[in-house]
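Go by the hints and put chain W onto chain Y.
So the sequence lines, in the order shown, correspond to chains Y and W.
Number 229 in the numbering used here belongs to position 199 of the first sequence; there are no gaps in the numbering.
Number 157 in the numbering used here belongs to position 112 of the second sequence; there are no gaps in the numbering.
Because the hints were derived from the structure by calculation, they are not lab data.
Quick caveat: nothing in here was measured; it's all calculated off a predicted structure.
Careful, some of the hints might be misleading.
Only pairs whose alpha carbons sit at most 25 Å apart, straight line, appear in this in silico BS3-like list of lysine-lysine [to be verified]:
{"no.": "1", "chain 1": "Y", "residue 1": "73", "chain 2": "Y", "residue 2": "237"}
{"no.": "2", "chain 1": "W", "residue 1": "241", "chain 2": "W", "residue 2": "108"}
{"no.": "3", "chain 1": "W", "residue 1": "180", "chain 2": "W", "residue 2": "108"}
{"no.": "4", "chain 1": "Y", "residue 1": "237", "chain 2": "Y", "residue 2": "158"}
{"no.": "5", "chain 1": "Y", "residue 1": "73", "chain 2": "W", "residue 2": "108"}
{"no.": "6", "chain 1": "W", "residue 1": "241", "chain 2": "Y", "residue 2": "40"}
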Amino acid sequence: MPETAFSDYKSTATRAPSLEPVKLEGGWDNSASLRPVWPDLAKRDADLTINGRVNGDPIGERIVVEGRLTDEAGRPVPGALIEIWQANAAGRYVHREEMHAAPLDPNFLGAGRCISAADGSYRFITIKPGSYPWGNHRNAWRPAHIHFSIFGAGLAQRLVTQMYFPGDPTLRYDPIFNATRDARIRNRLISRFSIEDTVPNWAHCLKFDICLAGAYGTPFEEGHDHG
Amino acid sequence: MADMRDFGEMDADDKGGVHDYSYEDTGAVDASPGLTPSQTVGPFFAYGLTPGPYGYAFPEIHKTDLAGADVAGERIEIIGHVFDRDGVRVHDAVIEIVQADASGTYVHAPRNDGFTGFGRCGTGAQGKDADTHFKFRTVKPGASQRGAAPFVTLIVTMRGLLNHMITRMYFPEDDLARDPVIAQVPETRRGTLVAKNAGPGRYRFDIRMQGPEETVFFDL
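The following block holds chain Y by itself, in its conformation from the complex:
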């Protein structure tokens, strides 16, 4: 189990458990094959440039964020619920406790969701989020990022993480990004600009592939229909 605390990220001091998690022999129970049922989602919920629209287009740089969900063996994870949330182009969240002095965009909510397709692929259309300051230390800035929440098959395929943007100058100063201590693992969180998948005359494409654990670290049943 990876570390749950990182001293440079201050609030982990009071919230991260101090004791090691109990490692179980024999697994959790027969929920290993748990296949959560999600409601049908509106197609527009994967397009953040329209799902918060009130009277016009949101401001900012339109981007496509897409990728594939796979397990450790490289097999696609279809049917997973992917939920995202982010700041707007000015670095402001809709959240009511957010006090950063940057404008809200009346046409941008910043939340989206979709279900991964049969080949594990997903695709969002959104606005590139801005960087914003936070109170961890003097002159602390979060790099631009998109939060991801993923629920695949079984408890082992729950993942909450953040996607970052290539070339962001604030990445090297961010204790949250750097809370993943191994640089080669941490860099999996940086999306990749793809000229091949960039839509001409319309939007840049950022690729963010996501690798989930197997359900309880065991292979899926061959031929089992997860779709």
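Just chain W now, kept in the frame of chain Y:
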């Protein structure tokens, strides 16, 4: 920048500045293939993950009431608080529950009774100064394995946690002596996994992130 305090992150005594982590990277470091690491859920999840109870204009897809009219079983309510090291109630935690139905069966496909076995609740729906509890209405699960006691799985995450944590809630009226998971928990800590009676059909399950009664979390 007094408004920054509202994030709950500012340490008033901290005059320290920016830390540059790049000394650890000798030149360009590529990503290695493998599992995508976890990062904190942060403080601003509500309009994406739990929009309904917080009043955001985004349709809710996760319920805190799992016990629709057609779902068979004993109606129960689970209520609790999340406490940090200092005993402060955490107002920005996400609690998810996963459970079997009253017969001990997990959901693998959409069902006629609408039971999903999954619920999600944020602790700050009433505002960060309110009583920041989580609450679910559901049915009591049946035992999902022979010899095991019934339980509800809880997935716990919040600002200030790098990974989500997984625990389970047992019921005080059940025989836990032969449960294969309880047996692997140090005896002195088992009590943190057992809900307290809080009236007919009502259970209290508090989650303590640190302290003498730190909740047991599991590594799957």
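Hint by hint, here is what the structure shows:
1. Among the hinted pairs, residue 73 of chain Y with residue 237 of chain Y is consistent with the structure: their alpha-carbon atoms are about 20 Å apart, no more than 25 Å.
2. Note on residue 241 of chain W and residue 108 of chain W: the hinted pairing holds, with a Cα-Cα distance of about 23 Å set against a maximum of 25 Å.
3. Proposed proximity of residue 180 of chain W and residue 108 of chain W is supported: the alpha carbons are some 11 Å apart, at most 25 Å.
4. Our distance criterion of 25 Å between C-alpha atoms is met by residue 237 of chain Y and residue 158 of chain Y, whose separation comes to about 13 Å.
5. Between residue 73 of chain Y and residue 108 of chain W, the direct Cα distance comes to roughly 20 Å. Compliance with the 25 Å bound is thereby established for this hinted pair.
6. For the given pair, residue 241 of chain W sits about 32 Å from residue 40 of chain Y by alpha-carbon distance, which is inconsistent with the 25 Å threshold.
Of the numbered hints listed earlier, the single one contradicted by the structure is hint 6.
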